[in-house]
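Throw the hints in and build the complete structure from the sequences for me.
2 protein chains.
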Amino acid sequence: MNDTENPYQAGAAFTQDGFVPIGEAKISVLDWGFTRSDCTYDVVHVWQGAFFRLGDHLDRFEASMAKRRLAPPQTRAEMEDILHRLVAMTGLRDSYVAMVALRGRPRVGGSRRPADCDNHFIAYALPWIDVIPPDVQARGGHLWIASTPRVPDASFDPAVKNYMWGDLTSGLMEAHDHGFDTAVLCDAQGYVTEGPGFNVFIVKDGAVLTPDRGSLGGITRRSVIELCLDEGIPASVAPITRQMLEDADEVFTATTAGGVMPIARLNERILGNDRPGPLSARLKNLYWRRHADGWHRTPVRYDAVVAK
Amino acid sequence: MNDTENPYQAGAAFTQDGFVPIGEAKISVLDWGFTRSDCTYDVVHVWQGAFFRLGDHLDRFEASMAKRRLAPPQTRAEMEDILHRLVAMTGLRDSYVAMVALRGRPRVGGSRRPADCDNHFIAYALPWIDVIPPDVQARGGHLWIASTPRVPDASFDPAVKNYMWGDLTSGLMEAHDHGFDTAVLCDAQGYVTEGPGFNVFIVKDGAVLTPDRGSLGGITRRSVIELCLDEGIPASVAPITRQMLEDADEVFTATTAGGVMPIARLNERILGNDRPGPLSARLKNLYWRRHADGWHRTPVRYDAVVAK
Numbered sequence: 104m105n106d107t108e109n110p111y112q113a114g115a116a117f118t119q120d121g122f123v124p125i126g127e128a129k130i131s132v133l134d135w136g137f138t139r140s141d142c143t144y145d146v147v148h149v150w151q152g153a154f155f156r157l158g159d160h161l162d163r164f165e166a167s168m169a170k171r172r173l174a175p176p177q178t179r180a181e182m183e184d185i186l187h188r189l190v191a192m193t194g195l196r197d198s199y200v201a202m203v204a205l206r207g208r209p210r211v212g213g214s215r216r217p218a219d220c221d222n223h224f225i226a227y228a229l230p231w232i233d234v235i236p237p238d239v240q241a242r243g244g245h246l247w248i249a250s251t252p253r254v255p256d257a258s259f260d261p262a263v264k265n266y267m268w269g270d271l272t273s274g275l276m277e278a279h280d281h282g283f284d285t286a287v288l289c290d291a292q293g294y295v296t297e298g299p300g301f302n303v304f305i306v307k308d309g310a311v312l313t314p315d316r317g318s319l320g321g322i323t324r325r326s327v328i329e330l331c332l333d334e335g336i337p338a339s340v341a342p343i344t345r346q347m348l349e350d351a352d353e354v355f356t357a358t359t360a361g362g363v364m365p366i367a368r369l370n371e372r373i374l375g376n377d378r379p380g381p382l383s384a385r386l387k388n389l390y391w392r393r394h395a396d397g398w399h400r401t402p403v404r405y406d407a408v409v410a411k
Numbered sequence: 104m105n106d107t108e109n110p111y112q113a114g115a116a117f118t119q120d121g122f123v124p125i126g127e128a129k130i131s132v133l134d135w136g137f138t139r140s141d142c143t144y145d146v147v148h149v150w151q152g153a154f155f156r157l158g159d160h161l162d163r164f165e166a167s168m169a170k171r172r173l174a175p176p177q178t179r180a181e182m183e184d185i186l187h188r189l190v191a192m193t194g195l196r197d198s199y200v201a202m203v204a205l206r207g208r209p210r211v212g213g214s215r216r217p218a219d220c221d222n223h224f225i226a227y228a229l230p231w232i233d234v235i236p237p238d239v240q241a242r243g244g245h246l247w248i249a250s251t252p253r254v255p256d257a258s259f260d261p262a263v264k265n266y267m268w269g270d271l272t273s274g275l276m277e278a279h280d281h282g283f284d285t286a287v288l289c290d291a292q293g294y295v296t297e298g299p300g301f302n303v304f305i306v307k308d309g310a311v312l313t314p315d316r317g318s319l320g321g322i323t324r325r326s327v328i329e330l331c332l333d334e335g336i337p338a339s340v341a342p343i344t345r346q347m348l349e350d351a352d353e354v355f356t357a358t359t360a361g362g363v364m365p366i367a368r369l370n371e372r373i374l375g376n377d378r379p380g381p382l383s384a385r386l387k388n389l390y391w392r393r394h395a396d397g398w399h400r401t402p403v404r405y406d407a408v409v410a411k
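Residue numbers (our numbering), protein chains in the order written: chain A, 104 to 411; chain B, 104 to 411.
Careful, some of the hints might be misleading.
Remember, identical chains collapse to one label, so a pair may be satisfied in a single copy or spanning two.
[Claimed, not checked] Below, simulated EDC-like cross-link-like pairs (lysine to aspartate or glutamate); rule was C-alpha separation at most 20 Å, straight line:
#	residue 1	residue 2
1	264	290
2	170	277
3	170	256
4	307	219
Because the hints were derived from the structure by calculation, they are not lab data.
What follows is the structure, given as structure tokens:
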């Protein structure tokens, strides 16, 4: 199929309407996935024709659905099949693939009970776009420590990947107001948590640390820790105070949609020489080199689209 | 138009697709109003052909949009016109009318900046359905004090009506697990806040109190306080501890979609004679009687649909 003729070139989606071009991928304005943000999601990336850690993403997605009592009709195998097929439909070699489980709407008119709803599954594959623009990646990100406290773990489990970004969006707008690229939030007790869509790491005296609270159990975070173990770099998940962040030798972030991202500025502080720190840059390079080596790789079944 | 022929009988909506039957009212799965719950909403009711406190709802909606830097292209007058027209299209005399301002999607591909998004406005009118079923209204609601702490005001301003219901949904599921109708949440400091979609009130020694924190500034709440003032009943917005709630003489809730709702059971405690308390029932009756008297009434412009 010629790319210019492929209606899925800009992205393909699976919704309650079946497989559709991304421009037609919609949900009802009455879906509780929207009106109560009663849903959970996950995002896996495809790099050079293969999913990265697909099984880990599906494991996390299943755990999140269970915690929120979301049970779409598809089995895990069926969901996985839909993800392959979506990428195959786009023909993309590098893609960003999202899956969402939504509460849906009550079977019984007027019910306000989550248990009365028909849950459903949507997914979509989009062309890969770095969360962090290439020029920002080259110079190192500018990270703002936001004044808005992160929603506490007790109010909503941050291990359930969710769309309730109000506190993160407030932090992001504050960062932009100060001319920064993005924000990291601390909790009300002053411990570092995460930013909008990424985990944060500090490097201190050669050791790598990432927060033990207020954060998603990121798959890229896990990859970074594995890389550290492989390389003999001490790495731990631990409490990190705002002061520890401010006093770090290096800071970097990690996300599925961008990988490892070194930070060059933290509020008024310029880290190192205003460019990516050496250990951060090393981990970033390793992360992609290991991709090329076939690390945690699940080749996309591009023939899936033919087998429709 | 014959009701059986009206395609808007089940509800009418205004979306980016224009005016559509409610079944076709959808948003993109990529809209940040969904993927970041980056939106605010309001709901006004229509009773016997007239909006109740429409100006107050629009005031609150405008204030919420400003706080979240949401600026859809419509003016307030245009939004108001859309609301009238939606009700007129349905032909409903009793309706529940929602308006939502969404962040939309970035104008610039790949941008992660809220300021780069084209915000938009959607609205819909649905047949009136009591949030609380009639049989529950007659016996008095059974309210569960949830163990999940309400998201703190510092993390997200509860005066901005929002769809980030994760904590409320957790409380609601816990209430249902215990055989209760709905839940009220306390904050981490043990103060009573609100429930999923309603404010809560206590009556103690003849005085009415409602929480000063963790709560939406409800329009029905305001109406209840006005009724108390008119009737010479002491009413205040004040800190309410969980203990005060448990020791209350009466408890009731208030919401646009159901009005005043007396509570008959609170966890293991049976209030009064396991039926609506006298002051709660009086306020409930007054609330509707005042509607009939034309209180805060804005007649729906049913001719709006003709003027299309």
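Hints, verified against the model:
For the identical chains of this complex, residue 264 and residue 290 are intra-copy neighbours only, at 18 Å inside a copy versus 23 Å across copies, given an alpha-carbon limit of 20 Å. Proximity of residue 170 and residue 277 under a CA criterion of 20 Å is satisfied inter-copy only: 13 Å between copies versus 32 Å inside one chain copy. For a Cα distance limit of 20 Å, the shortest separation of residue 170 from residue 256 inside one copy, 14 Å, qualifies, whereas the shortest one across copies, 25 Å, does not. For the homomeric pair residue 307 and residue 219, neither the shortest alpha-carbon distance inside one copy (51 Å) nor that between copies (36 Å) is at most 20 Å.
Of the numbered hints stated above, the single one contradicted by the structure is hint 4.
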